[in-house]
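Put together the whole structure using the sequences plus the hints.
As given, the protein sequences belong to chains Y and W, one line each in that order. With the working numbering, the residue at position 475 of the first sequence is 472, and numbering never jumps. With the working numbering, the residue at position 2 of the second sequence is -3, and numbering never jumps.
Hints listed in this document are in silico derivations from the structure and should not be mistaken for laboratory results. Backbone N, C-alpha and C define an ideal beta-carbon position, used for all residues, glycine too. Please note: incorrect hints may appear among the correct ones.
[Said to hold, decoys possible] Think about it this way: if two alpha-carbon atoms lie no more than 30 Å apart in a straight line, the pair counts; the simulated DSBU-like pairs of lysine-lysine are:
id, chain 1, residue 1, chain 2, residue 2
1, W, K128, Y, K281
2, W, K39, Y, K382
3, Y, K382, W, K128
4, Y, K312, W, K39
5, Y, K345, W, K39
[To be verified] Partial pick of chain Y residues on the chain W-facing surface, computed with a CB cut under 10 Å:
id, residue
6, I306
7, Y310
8, E372
9, R376
10, E379
11, E397
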Amino acid sequence: MSIKKWLSIASCTLFFSANMAIAQEAGGNLVYIVQPEPPSLAPYLSTSGPIGLVAPKIYQGLLDYDLELNIVPELAESYEISDDGLTVTFKLQQGVTWHDGKPFTSADVQFTIMEVLKKFHPRGPNSFKEVSEIQTPDDHTAIFKLDRPAPYMMRAFAGYESPIVPKHLLEGKDIREADLANNPVGTGPFKFVEWKKGQYIRLDKNEDYWKEGLPYLDRLVARVIPDASTRTAAMESGEVMYGAYGAIPNVDVVRLREMDSIGITTEGYSMINPMALLEFDTTKPPFDNPAIRNAISTALDRQFFIDNIWFGYGKTATSALSSNFAPTGLYKESPNYPGKPDIAAANKMLDDAGITANSDGVRLTATLDLIPYGEDWRRAGEYIKQAIGDIGIDLDLRYEDVPTWIKRVYGDYDFAMNLNYFYQLPDPVIGVHRHYGTDQIRKGTPFVNSSRYSDPELDALLVEGATSSDPEARVGIYHKIQDKLSADQPVVNLFELQFITVFNNKLKDHDFSAMGSYSSFDRTWLEK
Amino acid sequence: MSFWQLYRRNTSAVIGLVILISVFVIAACASLIFPEDPFRLAGKPMSGPGLNGFLLGSDTLGRDVAAGIAHGARTSLMIGGLATAVAVFIGAVLGGLAGYYGGWIDDILMRVTEMFQTIPSFLFAILLVAIMKPSIQSIIIAISVVSWPAVARLVRGEFISLRNREFVQACHIVGMGDIRIMMAEILPNCLSPIIVAGSLMVATAILIESGLSFLGLGDPNIISWGFQIGAGRTVLRSAWWVCTFPGVAILLTVLAINLVGEGLNDALNPRLRERT
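In structure tokens, the structure reads:
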């Protein structure tokens, strides 16, 4: 028996009930913040955050994900996975056209995945690694043939992660240089109109949008406002109505959330799953010793970061996986992630490991590199230095510019301990494996296994996790992976970062998808 | 009249001196008054002045602002003093050579000096610190590099005006070497403008260091006033004391140094000596 999902029925019901609750009003312009300015509007070439704030309104994916991470239809009305997990068949929506009037067909899907995303997208080669061929028996059917089962792939079909692009505008061209990057043509609810560099990007309603009656808004204006306090003031005055991904600094969020006209939410980031963490050079003393890494994990007050640096937003890490994986069952609360710091226990771990203190109470000295992404991270480094100074580990802090830091940690491995954050993304295969697998020790590639942790037992579990198509079996595998990682702590996970979206209360239904601000905004509407 | 009698005629210069001495005393006693590391998380974060045992309040992480100011005074004075010493040394050597020899040596050295002077000094300092890794050494080097041209021009001017005087020509006639003439005869005669310029330069150096730290380019392991202000600016609306007290410390110190510099100028400049 095959697993067959008829998504449109479920979504129609959902849509209908939403309709009954409040009557949406059509019309109005939404001005929102995009910060910093996107480098291009080519989501098929770059995963850069600001692109995600604009491009998914123009381009769509085959699927979308609701706030509970359930799969909902987008350009595909349904999909079917064969029993062996090696064939995935997508039935595409009827009557979809590109913004230039050409019909959208399965050939576009085939071209996008095989010729664009698999070749040029930063994460595409990973997400679609197992896809060997896409068959297009008719205009509305795309059949993905896989070499091995790839259940994680089903999490990578959103409009931001895997946008479907028009074959007729890219075929035969140099994909990286094509003009489409600055004049995007998609199937989405809004059409690209104008980009005034340094000021705004304007998108107008797509009158021929394939979803009946949508979108509600007439126009989107993504404004570039470089100065943080100006952004806050614009939000306060109602000049802009929406800002995500820290567009409004946490310190101002604390003030703005008291205003009646302003609302905030931390929803819409569950596909991103950012985790703050410490990486160690596990190949050299002192941090080749798991006891020391465990002692550091035990001595840190994870809540301190959240309360005193991130103004109450965030969640302490309790495992190598983010707790956002709890709905899928993969997440497991693990030992060695104490809720409260335990200095005595940490000291004992070091004593037991034979790491003794000199007359000044110093057991060892090391340099902590700090991620150069702003003041918050410096404060975090200053806190870590103080906190683990209490167990006799004397740290020197080093704060460099971004290219130097990336080269030092990921190019030259010239570091001992590094403060950073990683996106765990919608599936551990895409976001977490890169941190621990032996095959992910890729000198010169940023944000992979710079700890150079290598463990055959773990490697085997990671392969199992990536290829198993049985959700039940995956639960068991990932629980074992987390046990292993919390015992060894090649990376000490600190806390789950929580991005904040700030919006004007007149704006409704803006975060209806797990993609949050990276969604299409087709159901978003403005109260008059 | 003695130097002190000349100096104390200027009341504001005396006030400046008193403030400056107080800053020195605080810096010298920092480890006695606040024996703990100023980065230590001493108590409840964001406590107001006078609360929870914090004289001047605590910052976002619970560090004592008063301890930071006391230890930061050391950093500021040390960087100000060292950077100025290096800048004056480089400036005096290059300016002296250019002024004494003239000709092509002067041309080359002055073109180099002008090249440095055309770059806005603070931006140049930012660039230098960003290229080297932010540390106390790189900050001192950066401040020295952007500060010496002014000294070089001053010293060159003095040397040009003195090199043809009779006493210098007399030295030539008795067979003194160039180095000796420069060191023993000309330099002592232009010492007072150098001292005045140097004292004012200390104030500028403190401001540059504060600016760099404020922008996050300070040495992350050493506390300074600029760092305190930078770390506290995000909470200016909710915890004013974190920025305000270090700001006042910078203001008072820089003002004091300027007043002292003015007083030195009055006392050392022979033309102003009779001013009443």
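Checked hints:
Between W:K128 and Y:K281 the CA atoms are separated by roughly 24 Å; this keeps the pair inside 30 Å, and the hint holds. Proximity of W:K39 to Y:K382 is assessed by CA-CA distance (about 18 Å); at most 30 Å being required, the pair is judged to hold. Annotation: proposed proximity of Y:K382 to W:K128 holds, straight-line Cα distance about 19 Å (limit 30 Å). Among the hinted pairs, Y:K312 with W:K39 is consistent with the structure: their alpha-carbon atoms are about 21 Å apart, no more than 30 Å.
Distance restraint check for Y:K345 and W:K39: the Cα-Cα separation of roughly 27 Å lies within the 30 Å cut-off, and the hinted pair is therefore satisfied. Given the 10 Å rule on beta carbons, the hint for Y:I306 holds: about 7 Å separates it from the nearest Cβ of chain W. Here the hint on Y:Y310 is broken, as its CB sits about 14 Å from the closest CB of chain W, past 10 Å. Because the smallest distance between the Cβ of Y:E372 and any Cβ of chain W comes to about 7 Å, under 10 Å, the interface hint for this residue holds.
Residue-level restraint check for Y:R376 holds (minimum Cβ-Cβ distance to chain W is 6 Å; threshold 10 Å). For Y:E379, the shortest C-beta to C-beta distance to chain W is roughly 6 Å, which falls under 10 Å, so the interface hint holds. A least Cβ separation of about 6 Å between Y:E397 and chain W falls short of the 10 Å threshold, and the interface hint therefore holds.
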